[in-house]
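Chain B: place on chain W using the hints.
Those sequence lines, one after another, are chains W and B. The first sequence begins at 1 in our numbering and counts up one residue at a time. The second sequence begins at 115 in our numbering and counts up one residue at a time.
Any given hint might turn out to be false.
The calculated DSS-like cross-link candidates involving lysine-lysine, where the alpha carbons are at most 27 Å apart (straight line), are [as the list claims (entries may be wrong)]:
#, chain 1, residue 1, chain 2, residue 2
1, W, Lys-9, B, Lys-182
2, B, Lys-216, W, Lys-57
3, B, Lys-168, B, Lys-219
4, W, Lys-71, W, Lys-57
5, B, Lys-223, B, Lys-169
6, B, Lys-219, B, Lys-182
7, B, Lys-219, B, Lys-167
8, B, Lys-216, W, Lys-9
9, B, Lys-182, B, Lys-223
Short, incomplete list of chain B residues facing chain W, as computed with Cβ under 7 Å [claimed, not checked]:
#, residue
10, Ile-157
11, Ser-159
12, Asn-211
13, Lys-216
Derived by calculation from the structure, the hints in this document are not laboratory data. Where is the CB? At the ideal position from N, CA and C, for every residue including glycine.
Spelled out from the first residue to the last, the chains are:
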Amino acid sequence: NAGVTQTPKFQVLKTGQSMTLQCAQDMNHNSMYWYRQDPGMGLRLIYYSASEGTTDKGEVPNGYNVSRLNKREFSLRLESAAPSQTSVYFCASSEAMGASYEQYFGPGTRLTVT
Amino acid sequence: KNEVEQSPQNLTAQEGEFITINCSYSVGISALHWLQQHPGGGIVSLFMLSSGKKKHGRLIATINIQEKHSSLHITASHPRDSAVYICAVRRGGSQGNLIFGKGTKLSVKP
Numbered sequence: 001n002a003g004v005t006q007t008p009k010f011q012v013l014k015t016g017q018s019m020t021l022q023c024a025q026d027m028n029h030n031s032m033y034w035y036r037q038d039p040g041m042g043l044r045l046i047y048y049s050a051s052e053g054t055t056d057k058g059e060v061p062n063g064y065n066v067s068r069l070n071k072r073e074f075s076l077r078l079e080s081a082a083p084s085q086t087s088v089y090f091c092a093s094s095e096a097m098g099a100s101y102e103q104y105f106g107p108g109t110r111l112t113v114t
Numbered sequence: 115k116n117e118v119e120q121s122p123q124n125l126t127a128q129e130g131e132f133i134t135i136n137c138s139y140s141v142g143i144s145a146l147h148w149l150q151q152h153p154g155g156g157i158v159s160l161f162m163l164s165s166g167k168k169k170h171g172r173l174i175a176t177i178n179i180q181e182k183h184s185s186l187h188i189t190a191s192h193p194r195d196s197a198v199y200i201c202a203v204r205r206g207g208s209q210g211n212l213i214f215g216k217g218t219k220l221s222v223k224p
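The following block holds chain W by itself, in its conformation from the complex (with noise of 0.2 Å):
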């Protein structure tokens, strides 16, 4: 199994560009999760999915929209990229929400916008 997978590993934007960054599980879990990772800060929910079919809006959801395409898929778009969304990007998933559940994190994508 591999887990929790993301592409792209690194991206440069321009401002202004959009670009989505996929996420998938083979792990059949209903919970999907997007956060990012700023310097100094902790991990920040940006949206989540607490199962196939809906998505709800996290901690800093604004200049993001995310789809969940199937159970297995969660993608996060940029429509229009800013410097400030200049940061490392986590996707996570987790059999389902609650307290008894762990999170499985990929391995992060890297997104500088200039």
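This is chain B only, laid out in the frame that chain W set:
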């Protein structure tokens, strides 16, 4: 004030030392997680606790719900333990999302 505070922010130890990393939180929780982020960036879950103590190899995690405090201990530390250790809590009473601390960067010297 952050809802999850970790201390210390940075920690340097000699190989073999006993290490303690602390996590305090200010909200009611249903679970607390300890995660490890390797220098290459990957994040793995070490422990998930709602009470008491858990042990896995040289790692021990404890939680005191009344004091809203958790500790992660590493016995007989090794350079391969060098990583960022992250505490995260899940709010109680709901299917709440995780709230993360800023992490503790541990460097173990040979």
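Checklist entry - Is the hinted pair B:Lys-216 and W:Lys-9 satisfied, with a Cα-Cα distance of at most 27 Å? => result 23 Å, holds
Checklist entry - Are the Cα positions of B:Lys-219 and B:Lys-182 separated by 27 Å at most? => result 22 Å, holds
Checklist entry - Taken at face value, is the distance from the CA of B:Lys-219 to the CA of B:Lys-168 at most 27 Å? => result 22 Å, holds
Checklist entry - Does the structure keep W:Lys-9 and B:Lys-182 at a Cα separation of 27 Å or less? => result Violated, at roughly 37 Å.
Item to check | Holds or violated: B:Lys-216 to W:Lys-57, with C-alpha atoms at most 27 Å apart | outcome: 21 Å, holds
Checklist entry - Would the pair B:Lys-223 and B:Lys-169 pass a check requiring their Cα atoms to be no farther apart than 27 Å? => result 24 Å, holds
Item to check | Status of the B:Lys-216 interface restraint (C-beta, 7 Å, chain W) | outcome: It holds, given that the least Cβ distance between B:Lys-216 and chain W is near 5 Å, below 7 Å.
Next on the checklist: Given a cut of 7 Å on the nearest C-beta pair, is the interface hint for B:Ser-159 held or broken against chain W?
Outcome noted: This interface hint holds because 5 Å falls under the 7 Å limit.
Checklist entry - If you draw a straight line from the CA of B:Lys-182 to the CA of B:Lys-223, is it 27 Å or shorter? => result 31 Å, violated
Next on the checklist: Checking one constraint from the list: CA of B:Lys-219 to CA of B:Lys-167, max 27 Å. Satisfied?
Outcome noted: At roughly 23 Å apart (the allowed maximum being 27 Å), B:Lys-167 and B:Lys-219 satisfy the hint.
Checklist entry - Given the proposed pairing of W:Lys-71 with W:Lys-57, does the C-alpha separation stay at or below 27 Å? => result Distance ~18 Å between W:Lys-71 and W:Lys-57 Cα, so the pair holds.
Checklist entry - At a threshold of 7 Å, is the proposed contact between B:Asn-211 and chain W supported by beta-carbon distances? => result 5 Å, holds
In the structure shown, a violation is registered for the earlier hints numbered 1, 9, in ascending order.
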